[in-house]
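Use the sequences and the hints to build the structure in full.
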Amino acid sequence: MSKQTNQLPVNCPSCGGGLNVKSLSCPDCETVVQGFYELPVLLMLNEDELGFVLSFVKNSGSLKEMAKEMGLSYPSVRNYLNDLIEKINLLEDESDE
Amino acid sequence: MNQTNDKQKLSTWIFNPFLFLGGERILTAGLIILAIHIPAGYMLDIRFDGAIDMHLVPSVSSWVTPVFDILIAWGSLVICMFGAARLFQSPIRLIDIAGAVAVSRVPLLLSILPAKLLEPNVKSVEQLLSLQDTEFYQLVAIGIISLIFLIWFFVLLFNAFKINSNLKGTRLWVGFIGSIIIAEIVSLILPGMM
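Protein chains in written order, with my numbering: chain A, 1 to 97; chain B, 98 to 291.
Read the hints as simulated data drawn from the structure, not as lab findings.
Some hints here could point you the wrong way.
To be verified - Only pairs whose alpha carbons sit at most 20 Å apart, straight line, appear in this in silico EDC-like list of lysine to aspartate or glutamate:
1. A/68 x A/48
2. B/265 x B/281
3. A/87 x A/97
4. A/58 x A/48
5. A/87 x A/38
6. B/259 x B/121
7. B/213 x B/121
8. B/213 x B/150
9. B/106 x A/38
10. B/265 x A/83
11. B/213 x B/103
12. A/64 x A/49
13. A/64 x A/38
14. B/259 x B/232
15. A/58 x A/47
16. A/68 x B/232
17. B/259 x A/83
18. A/87 x A/49
19. B/265 x A/86
20. A/68 x A/86
21. A/22 x A/38
22. B/259 x A/86
23. A/64 x B/121
24. B/106 x A/48
Said to hold, decoys possible - Covered stretches of chain A, going by a simulated chain B footprint (3 or more residues, C-beta under 8 Å):
25. 58 to 72
26. 75 to 81
Glycine included, every Cβ here is placed at the ideal spot set by N, Cα and C.
Below is the structure:
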């Protein structure tokens, strides 16, 4: 059986607010580090958005190449990028407050 | 981005092909569609005399008429939509909107078929108003079918503007409605000035 990878929750299932990291553990020696760590902005994106960012980097930022790879038009990919930039700006503003 | 199933994909191709088509591909498809308007207009006696217009007329005397008709109708919409999007600081590209506006005219072209097949044989407005029975129902059928194709045309135009401008909310609606109205006025005034 393949190992199931759980998706990182970024929002509280109870109130919908953003989550922070309270503890981290080493899978080898099981050392646990406790503290209060804010999630980096990139980790607050959902799976699709993170996939888009990875694809953007892998394609050296070429939206034309991404459009070909995704089977979408150039304007569709550019719109997705613009919306993502807006979301990142919003997340950064929220974490600055 | 979400995976769509085949049914959703088909409806997207019918109502919003701009999600998949852009750049040189949509411009090429658009230019072919514009070119089809010319023999269709000349041979079937149809005028495309307005940005969003199509009229059955008694006769189109020259090939030049549909060429000018389509260049003015298409050009006015492209320039107005491009201008409106730029006014709202959208990163719109001329090649995309030019191709998308041309592709959006497919429903207008398709509506020629039922209109010509069901066209009643009338020569004057008086004759048109006195139509009865079968010919009257044919006229009503043309009206309903044309309306469906017109709505499809507007849905395509709206999606063309929305996808290519990436405007949202009030800016999207003001830009779209404003550019349609101005393009229609320009396309009606321009032929008289030439």
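Here is what the structure says about each hint:
Proximity of residue 68 of chain A to residue 48 of chain A is assessed by CA-CA distance (about 17 Å); at most 20 Å being required, the pair is judged to hold. At roughly 23 Å between alpha-carbon atoms, residue 265 of chain B and residue 281 of chain B are farther apart than 20 Å, so this suggested pair is violated. Restraint check for residue 87 of chain A and residue 97 of chain A: the C-alpha separation of about 16 Å stays at or below 20 Å, so the hint holds. A threshold of 20 Å between alpha carbons decides the hint, and for residue 58 of chain A with residue 48 of chain A the separation of about 15 Å falls inside it, so the pair holds.
Straight-line distance between C-alpha atoms of residue 87 of chain A and residue 38 of chain A comes to about 17 Å, which keeps the hinted pair within the 20 Å bound. For the hint linking residue 259 of chain B to residue 121 of chain B, the alpha-carbon distance of about 19 Å falls within 20 Å, and the restraint holds. Straight-line distance between C-alpha atoms of residue 213 of chain B and residue 121 of chain B comes to about 33 Å, which puts the hinted pair past the 20 Å bound. Pair hint residue 213 of chain B plus residue 150 of chain B holds up; C-alpha atoms about 16 Å apart against a cutoff of 20 Å.
With a C-alpha separation of about 39 Å, the suggested pairing of residue 106 of chain B with residue 38 of chain A is violated against the 20 Å cut-off. Between residue 265 of chain B and residue 83 of chain A the alpha-carbon distance is near 11 Å, which keeps this suggested pair within the 20 Å criterion. Of the supplied pair hints, the one linking residue 213 of chain B and residue 103 of chain B is violated, its CA atoms being roughly 33 Å apart against a limit of 20 Å. Of the pairs offered as hints, the one joining residue 64 of chain A and residue 49 of chain A holds, with about 18 Å between alpha carbons and a cut-off of 20 Å not exceeded.
Annotation: proposed proximity of residue 64 of chain A to residue 38 of chain A is violated, straight-line Cα distance about 34 Å (limit 20 Å). For the suggested pair residue 259 of chain B and residue 232 of chain B, the alpha carbons sit about 40 Å apart, so the restraint of at most 20 Å is broken. Distance restraint check for residue 58 of chain A and residue 47 of chain A: the Cα-Cα separation of roughly 16 Å lies within the 20 Å cut-off, and the hinted pair is therefore satisfied. Only pairs whose Cα atoms come within 20 Å are accepted, and residue 68 of chain A paired with residue 232 of chain B is rejected, the gap being roughly 51 Å.
Of the supplied pair hints, the one linking residue 259 of chain B and residue 83 of chain A holds, its CA atoms being roughly 14 Å apart against a limit of 20 Å. Distance restraint check for residue 87 of chain A and residue 49 of chain A: the Cα-Cα separation of roughly 10 Å lies within the 20 Å cut-off, and the hinted pair is therefore satisfied. Simply put, residue 265 of chain B and residue 86 of chain A have alpha-carbon atoms about 13 Å apart, close enough for the 20 Å limit, and the pair holds. Between the alpha carbons of residue 68 of chain A and residue 86 of chain A the distance comes to roughly 24 Å, so the proposed pair goes past 20 Å and is violated.
About 9 Å separates the Cα atoms of residue 22 of chain A and residue 38 of chain A, which keeps this hinted pair within 20 Å; it holds. Proposed proximity of residue 259 of chain B and residue 86 of chain A is supported: the alpha carbons are some 17 Å apart, at most 20 Å. Straight-line distance between C-alpha atoms of residue 64 of chain A and residue 121 of chain B comes to about 12 Å, which keeps the hinted pair within the 20 Å bound. Only pairs whose Cα atoms come within 20 Å are accepted, and residue 106 of chain B paired with residue 48 of chain A is accepted, the gap being roughly 19 Å.
Three residues within the 8 Å Cβ limit are the bar, and the region 58 to 72 of chain A against chain B gives 5, so the coverage statement holds. Coverage of the region 75 to 81 of chain A by chain B holds [criterion: at least 3 residues with CB-CB distance below 8 Å; count 5].
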